[in-house]
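Student: Sequence:
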Amino acid sequence: MRCAAWVSRLSALVLTSSLAVVPLTAQLEFRQTQTDSYTRYELLDPTTQSFRIIYDVSATTAGAPYYFNGIRRGSDPTVHDVYDLMTGVSLPWEIVDGPTARRRGMENAAANGQYIQVSLARPVPKWGQARIRIDKTYRDTLSYTAVSGEILFDRTLGITRNSIVLPVGYELIGVNYPSQVVRESDGRVKVSFMNRGSAGVPLTVRGRQLVRQENLPAMSASDRPTSQRTTVSTDVPAGARTDYEFTERAFEDRDIVYFLQQPETHSFRLYHDYTESRAGVDRYINVVRAGSRATNPSAKILDTGEELTVETLRGNAITERGIELNQDVTPDTEIVAIWFDAVPDGQSVRLRIEETYTDPNRYVLAGDELVWDRSFGRPRNTVILPDGWLLTANSVPAVIDLTDDGRVRLRYVNDRPGGIDVFVKAQRR
Numbered sequence: 013m014r015c016a017a018w019v020s021r022l023s024a025l026v027l028t029s030s031l032a033v034v035p036l037t038a039q040l041e042f043r044q045t046q047t048d049s050y051t052r053y054e055l056l057d058p059t060t061q062s063f064r065i066i067y068d069v070s071a072t073t074a075g076a077p078y079y080f081n082g083i084r085r086g087s088d089p090t091v092h093d094v095y096d097l098m099t100g101v102s103l104p105w106e107i108v109d110g111p112t113a114r115r116r117g118m119e120n121a122a123a124n125g126q127y128i129q130v131s132l133a134r135p136v137p138k139w140g141q142a143r144i145r146i147d148k149t150y151r152d153t154l155s156y157t158a159v160s161g162e163i164l165f166d167r168t169l170g171i172t173r174n175s176i177v178l179p180v181g182y183e184l185i186g187v188n189y190p191s192q193v194v195r196e197s198d199g200r201v202k203v204s205f206m207n208r209g210s211a212g213v214p215l216t217v218r219g220r221q222l223v224r225q226e227n228l229p230a231m232s233a234s235d236r237p238t239s240q241r242t243t244v245s246t247d248v249p250a251g252a253r254t255d256y257e258f259t260e261r262a263f264e265d266r267d268i269v270y271f272l273q274q275p276e277t278h279s280f281r282l283y284h285d286y287t288e289s290r291a292g293v294d295r296y297i298n299v300v301r302a303g304s305r306a307t308n309p310s311a312k313i314l315d316t317g318e319e320l321t322v323e324t325l326r327g328n329a330i331t332e333r334g335i336e337l338n339q340d341v342t343p344d345t346e347i348v349a350i351w352f353d354a355v356p357d358g359q360s361v362r363l364r365i366e367e368t369y370t371d372p373n374r375y376v377l378a379g380d381e382l383v384w385d386r387s388f389g390r391p392r393n394t395v396i397l398p399d400g401w402l403l404t405a406n407s408v409p410a411v412i413d414l415t416d417d418g419r420v421r422l423r424y425v426n427d428r429p430g431g432i433d434v435f436v437k438a439q440r441r
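Counting from 13, one number per residue, gives the positions in the sequence shown under my numbering.
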């Protein structure tokens, strides 16, 4: 099918760490790849020099039956459980050495490495993902130390999205990387950040024990990460946003990739991924921006590879289908509706929506220059220039490299609440 061919060609251009795969041989040999990693470090009693790690990751090597999570040298691990994030069920796991991981298929396993081998709930679908959560505790005397009432978490973090939660009764007095800070419902302080670059962050987080702790709430017994949102509220009138809410940007897993076509067309192919975890939800509604046109939409569940029913609706057809929007529906209102089975309680699905947009207002050819002027609301955004074009201007800092076929790629990480206005110019080579 033509649409399926588009999926294959587009996906091949994405980051190698995202969806690039190597076909499995009859011996199930594969080069492990992954995407969407998020790690939550919960610092435990400083005298233990231990921290709990809740690690979310998506395996992306097509056909792989296992995922191997490397154990860092110097860490003494205790694995509590491993979950399939689609269904919430526990998965079988065991700790293996590097040679065993290689014999079981992971050709890029380090010979002197140690791994948590996870048996996946289902083999990774072609161009899909297997999402898992690993719950473990590390004792690491080099990464986590305490002296005279102060604690230090000093660790290079290679994962792109991270949060570090201080022990109950400790205040934050230092962090060396730009971070969000929230106080969780159990009184603990959380530091959260997104790594904008490609190298690991040599992170240091410092905390200090509070002398008076009477006003701190009791410690939560929950085994799962607490709410990713913080709220400040007061009855005192003020000009400040006293009731302002914001989300933990690092925890958000929505991302989008734009493949710019030649600027004379004003068109770009895109796909965007997001996880739906709200029980009972059975649809995704994308409202097309005013002045834009969406064509050739498609969608799938990345967990299973299942193709979904997609409709483009305009005007009265939207209300006739019983679809409610957070705006007035006019004859010019256009949506793309994606339908799937209602999400069961405690489960989730990871969706990929693809479509071609035509936007003659924001993507234009001005003289001999390509101009891309668009606002991004998601935390992670990627723009790939058309074939044969060189970059001449970029307003918002980005990581820039080349795709496998030589096209210029710009990756934007927006770690702040709200959108960013991206402005790009390019010329033909």
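Because the hints were derived from the structure by calculation, they are not lab data.
Mixed in with the good hints there might be a few duds.
Stated by the list, open to error - Distance condition first, Cα-Cα at most 25 Å in a straight line; then the derived SDA-like pairs of lysine to any residue:
id, residue 1, residue 2
1, LYS138, TRP105
2, LYS148, GLY110
3, LYS148, SER289
4, LYS138, ASN124
5, LYS138, ARG151
6, LYS138, ASP166
7, LYS138, TYR296
8, LYS138, GLU381
9, LYS148, ASP380
10, LYS148, PRO111
11, LYS437, GLY358
12, LYS148, GLY212
13, LYS148, ASP255
14, LYS148, GLU264
15, LYS437, GLU381
16, LYS437, ASP294
17, LYS138, SER191
18, LYS138, ASP294
19, LYS437, ASP380
20, LYS148, ARG114
21, LYS148, VAL223
22, LYS437, GLN221
23, LYS138, HIS284
24, LYS138, GLY212
25, LYS138, PRO179
26, LYS138, LEU282
27, LYS138, ILE128
28, LYS148, SER191
No experiment lies behind these values; they were computed from the predicted model shown.
Student: Compare the structure with each hint and give your call.
Tutor: Evaluated hints:
| no. | hint | verdict |
| --- | --- | --- |
| 1 | LYS138 / TRP105 | holds (23 Å) |
| 2 | LYS148 / GLY110 | holds (20 Å) |
| 3 | LYS148 / SER289 | holds (23 Å) |
| 4 | LYS138 / ASN124 | violated (30 Å) |
| 5 | LYS138 / ARG151 | violated (37 Å) |
| 6 | LYS138 / ASP166 | violated (38 Å) |
| 7 | LYS138 / TYR296 | holds (22 Å) |
| 8 | LYS138 / GLU381 | violated (38 Å) |
| 9 | LYS148 / ASP380 | violated (55 Å) |
| 10 | LYS148 / PRO111 | holds (23 Å) |
| 11 | LYS437 / GLY358 | violated (45 Å) |
| 12 | LYS148 / GLY212 | holds (21 Å) |
| 13 | LYS148 / ASP255 | violated (36 Å) |
| 14 | LYS148 / GLU264 | holds (22 Å) |
| 15 | LYS437 / GLU381 | holds (6 Å) |
| 16 | LYS437 / ASP294 | violated (40 Å) |
| 17 | LYS138 / SER191 | violated (36 Å) |
| 18 | LYS138 / ASP294 | holds (24 Å) |
| 19 | LYS437 / ASP380 | holds (10 Å) |
| 20 | LYS148 / ARG114 | holds (23 Å) |
| 21 | LYS148 / VAL223 | violated (30 Å) |
| 22 | LYS437 / GLN221 | violated (51 Å) |
| 23 | LYS138 / HIS284 | holds (17 Å) |
| 24 | LYS138 / GLY212 | violated (29 Å) |
| 25 | LYS138 / PRO179 | violated (42 Å) |
| 26 | LYS138 / LEU282 | holds (19 Å) |
| 27 | LYS138 / ILE128 | holds (24 Å) |
| 28 | LYS148 / SER191 | holds (24 Å) |
Comparing the model with each numbered hint stated earlier shows that hints 4, 5, 6, 8, 9, 11, 13, 16, 17, 21, 22, 24 and 25 do not hold.
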